[in-house]
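Visitor: Each chain, letter by letter, is given below.
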Amino acid sequence: MGALAHYLEERGIPTTQISLIAEHTEIIKPPRALWVPFQLGRPLGAPDRPEFQRKVALAALALLEAEQGPVLESFPEEAPDAGQVDEEQSAAWSCPVSLAPPSGKTSEAEALAASLHREIAELRPWYDLGLEGRGRTAMVTFDPESAASLLEGFLTREEPPSPEGDLDPAVALRLAAQDLKAFYFEAAISRPGAETPDSGAFSDWFWKETAAGAALQAIRETCKDSRDKDLAMTAKMFLVPMPQ
Amino acid sequence: MARLHELPEPMYSHLAELPCPGFETTPWVSGPKLAERRVAIISTAGLHRREDRPFAGMDGDYRIIPADTPAKDLVMTHVSTNFDRTGFVQDWNVAFPLDRLHELARENRIGSVAAYHYSFMGATHPDQMAAPADNLAGLLAGDNVDAAFLIPV
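Going down the list, the protein sequences come from chains D and R. So the first sequence is numbered by the working numbering: it starts at 4 and just counts up by one. So the second sequence is numbered by the working numbering: it starts at 25 and just counts up by one.
Simulated from the structure, these hints should not be mistaken for laboratory data. Glycine included, every Cβ here is placed at the ideal spot set by N, Cα and C. Keep in mind that the hints are not guaranteed to be accurate.
[Claimed, not checked] Derived list of chain R stretches under chain D, where covered just means 3 residues or more per stretch with a C-beta under 8 Å from a C-beta of chain D:
| # | stretch |
| --- | --- |
| 1 | 65 to 76 |
| 2 | 85 to 92 |
| 3 | 98 to 106 |
| 4 | 118 to 128 |
| 5 | 136 to 142 |
| 6 | 164 to 176 |
[To be verified] The calculated lysine to any residue pairs, modelled on SDA-like cross-linking and capped at a C-alpha distance of 20 Å, are:
| # | chain 1 | residue 1 | chain 2 | residue 2 |
| --- | --- | --- | --- | --- |
| 7 | D | K227 | D | E161 |
| 8 | D | K227 | D | A112 |
| 9 | R | K57 | D | A112 |
| 10 | D | K227 | R | R130 |
| 11 | D | K211 | D | A114 |
| 12 | D | K239 | D | D228 |
| 13 | D | K58 | R | R130 |
| 14 | D | K239 | R | R130 |
| 15 | D | K232 | D | P166 |
| 16 | D | K227 | D | M240 |
| 17 | D | K239 | R | K57 |
| 18 | D | K227 | D | D171 |
| 19 | R | K57 | D | E76 |
| 20 | D | K232 | R | S104 |
| 21 | D | K211 | D | I192 |
| 22 | D | K232 | R | K57 |
| 23 | D | K239 | R | E33 |
| 24 | D | K227 | D | P166 |
| 25 | R | K57 | D | Q71 |
Could you build all of it, start to finish, from the sequences and the hints given here?
Guide: What follows is the structure in structure tokens.
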């Protein structure tokens, strides 16, 4: 990010930026930067907190009036609710799904794929309800059933499946994984009376309690040594978060 | 949170050891008061309109986001799995504060909101962004932008 600011300013465009990793910004020394103590993925602090977001944006934009640089200032406030997460409540948050494998499947992979399809069918009504209410979904490329079918191909076949359209298998796998995570989150927060989990609680649930999380972790293991180098890299780096 | 020393392993080592370019000079362009500036968002969150190509490689390309893009049509296909996306699912302003910029313009805290905004994918090596930045600078100048607001993810 800092390098991009350097290039743009060098070409005559005044820049200011938010910094999430101060140590990087200190090395790159872009013209103007505001370091914020927020979670990666949330540079403005928190969703649905317009006053707070506005304060962050204005603090970064105000650096444009500095007389000389480089300027690296620190935003003085934590994100709303940060540090107030109730650990017990966070750990207890869940969205019940039936992970138990259906009977009659011949292999572990087939059973996992069947569980994934069943889980998606269970969550689909909540996702549809949420989409109707919000009018917006973060799913991009696949509908949930197609994403699950693609994952099933990676789970149960020797050779990677050929996705429809012009996507290569590695890109299709990554986009299907991202779409499924969005689907699970949107479904989970759309159940009547459901609380919105913090990102850690959602991540724990998705990776430890759902067939989708189990399927992605299984695919990581089966594809990480693929002869398709793009697929191997995607499996190793872009399917499952580092701490999992 | 993004205090580097508080991140768990292996994220801490991954980010701490990430090579960052150093520059011998810091370019500096002055401009008018903030209330007179035209502001464009430059994100590295891998954002694009729903109908645009997803981000697939790390070749420094970017996507154009017209200012009238509705929230329901802005999506994220950044390759990384190591940052929170649930905030963006709930409210695009947490990564792409276009609604906040429009409010600030209505209140005359900034001069105006650019007609076009842009997104790269931040996992790209910085060297790969130099040539696209050249091209982007021309587009920003053409839109009379004198405040590029760069936002990472």
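Visitor: Check the structure against each numbered hint from earlier and tell me which ones fail, lowest number first.
Guide: Hints 2, 5, 9, 10, 14, 17 and 22 are the ones this structure does not satisfy, whereas the remaining hints hold.
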